[in-house]
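Student: In order, the protein sequence lines correspond to chains X and E.
Numbering follows numbering that gives the first Met the number 0, with no gaps: position 93 of the first sequence is 92.
Numbering follows numbering that gives the first Met the number 0, with no gaps: position 117 of the second sequence is 116.
There's no promise every hint is true.
To be verified - Here's a subset of chain X near chain E, in silico, CB distances under 7 Å, partners left out: (1) E11; (2) G15; (3) D16; (4) R33; (5) T34; (6) I39; (7) D48; (8) V51; (9) S73; (10) L81; (11) R83; (12) R105; (13) K107.
To be verified - A short list of chain E residues far from chain X (calculated; beta carbon distances all over 12 Å): (14) K48; (15) V57; (16) R63; (17) T78; (18) G83; (19) S102; (20) Q111; (21) E112; (22) G114; (23) R117.
Rather than coming from a laboratory, the hints here were simulated on the basis of the structure.
For glycine and all other residues, C-beta sits at the position ideal for the given N, C-alpha and C.
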Amino acid sequence: MVGIFIPPACREEVLGDLRERNEGAQLFLYDALRTVPMVIVSRIRRTTDSVVLLMEAFCCYVSFLAVALVVQPSMIRTEEGLLRLAIPGVIALLVLVIADAYANPRKKSLLRPILAVALAFAAVFLVQAIHRLLPGMMLAVGSGMSMMLLLAMRMLFPPIADRPQQAQGPAFWQKQEIVAAGVLKATAAVAGILLVGSSVPDRLKGPVLGIAVAGAAIYFITRRI
Amino acid sequence: MVDWSLNIPYNVYKMAIGQFEQLVLTAILSLRDDAYGVSIHSKVADLAKPKNVSLGAVYVTLDRLEDKGYLASWLADPTPERGGRAKRFYRLEALGERALQESVATAKRVWQEVGRVRGWLKS
Chain X
0 MVGIFIPPAC REEVLGDLRE RNEGAQLFLY DALRTVPMVI VSRIRRTTDS
50 VVLLMEAFCC YVSFLAVALV VQPSMIRTEE GLLRLAIPGV IALLVLVIAD
100 AYANPRKKSL LRPILAVALA FAAVFLVQAI HRLLPGMMLA VGSGMSMMLL
150 LAMRMLFPPI ADRPQQAQGP AFWQKQEIVA AGVLKATAAV AGILLVGSSV
200 PDRLKGPVLG IAVAGAAIYF ITRRI
Chain E
0 MVDWSLNIPY NVYKMAIGQF EQLVLTAILS LRDDAYGVSI HSKVADLAKP
50 KNVSLGAVYV TLDRLEDKGY LASWLADPTP ERGGRAKRFY RLEALGERAL
100 QESVATAKRV WQEVGRVRGW LKS
C-alpha cells in the first residue's frame with residue numbers, strides 16, 4: 000500500500016530502507032508517514048522546471064482568456080471572472096506536475112506527453128462535472144486550445160527526467176540551460192507590481208505598468224554583465 | 000567575480016553548501032562503499048546530535064546534492080533482509096569533495112578567528 004504513494008523513480012530504495020529500519024508494521028507505517036511526503040516533494044522539485052511551468056500556466060490562461068473574449072466578453076470585465084478563467088489551468092498544471100513526478104523513468108514512451116496532457120484535462124472535466132467552473136462551450140474550446148499549446152510546450156521542453164543527459168554532466172547544469180532563477184524572480188516582481196498596481200487609481204496604472212516592464216527589461220539586460 | 004573565459008556553467012561558482020548538506024557529504028565520505036539511505040541517515044544522526052534527523056530530510060538533501068553534481072548514485076542488487084528491495088548507493092564526486100573542502104576551510108577560518116578573539120589560540 001505504501002509503495003503506491005512513493006514515486007516509481009525512488010520506490011525501490013525508499014521501500015527497502017523503510018523495511019530495513021522497521022521490524023513491525025506499525026513502526027513501518029509511522030516511519031513511512033514521516034518520510035514519504037518529503038520524498039514526494041523532493042521528486043516534484045526534481046521533475047518540475049519552474050520556468051517551463053510558468054510558461055505553461057501562461058499558455059493555459061491566455062487560451063481561456065481568448066475564448067472568454069469571444070464567447071462571453073462580460074466575464075473578463077470582472078475580477079471574479081478573470082480569476083475563474085485561471086482555475087482550469089491550475090487544476091491541469093497540478094495534475095501535470097504530479098504526473099511528471101510519478102512517471103517511471105525506466106519506461107520511456109513517445110505517447111507520455113500526450114497522455115499526461117489528456118489526463119490533466121480529464122481531471123479538469125471531472126471537476127467541472129462536480130462543480131461548474133466555466134460555461135461548457137468555453138471550457139471545451141479553452142481546454143482544446145490549452146491542450147494544443149501544452150503539447151507543443153512539452154515537446155519543446157520535455158520534463159527534466161525525460162531530457163537526454165550528457166554522460167558525465169550533473170542534471171543540475173542541464174537544468175540551468177533552461178531554468179534561470181532570474182527569469183522567475185523578474186516574473187514574480189512584475190506580477191507583484193501588477194497586483195499592487197491593480198489597487199492604484201486608473202490614471203496611475205499606465206505608469207506603474209511601464210515602470211514594471213522597464214525594470215524587468217533593465218534587469219534582463221544587465222543580468223549577464 | 001565570475002570568469003566567463005573558462006566556459007564553466009554559472010552555478011559551479013555557487014558552491015556554498017548548508018550545514019545539513021555538509022553533514023550528508025561527510026557521512027558519505029566516511030561510509031565509503033557502504034553509503035546508502037539507512038547507513039547515511041544513521042551516520043548523519045550521529046553527527047547531528049543532539050538534533051533529531053528524519054530519513055525524509057536525508058533523502059531530500061541527497062536528491063539536491065545529486066542534482067548539483069556533488070554525488071553520483073546507482074542501484075545495487077536486491078537483498079532478502081530488505082524484502083527483496085535494492086539499495087541505492089551514493090558516491091562523492093570531485094565537485095562534492097571540492098565543496099566539502101571549501102566548507103571545511105571556512106569552518107576552520109571561523110574557528111581560528113573565534114579562538115584568536117577568545118584567546119584559545121595563540122595568534
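Student: For each hint given before, does the structure comply? Return the numbers of the non-compliant ones in rising order.
Tutor: Per hint list: 6, 7, 8, 9, 10, 11, 12, 13, 15, 16, 17 and 18 violated.
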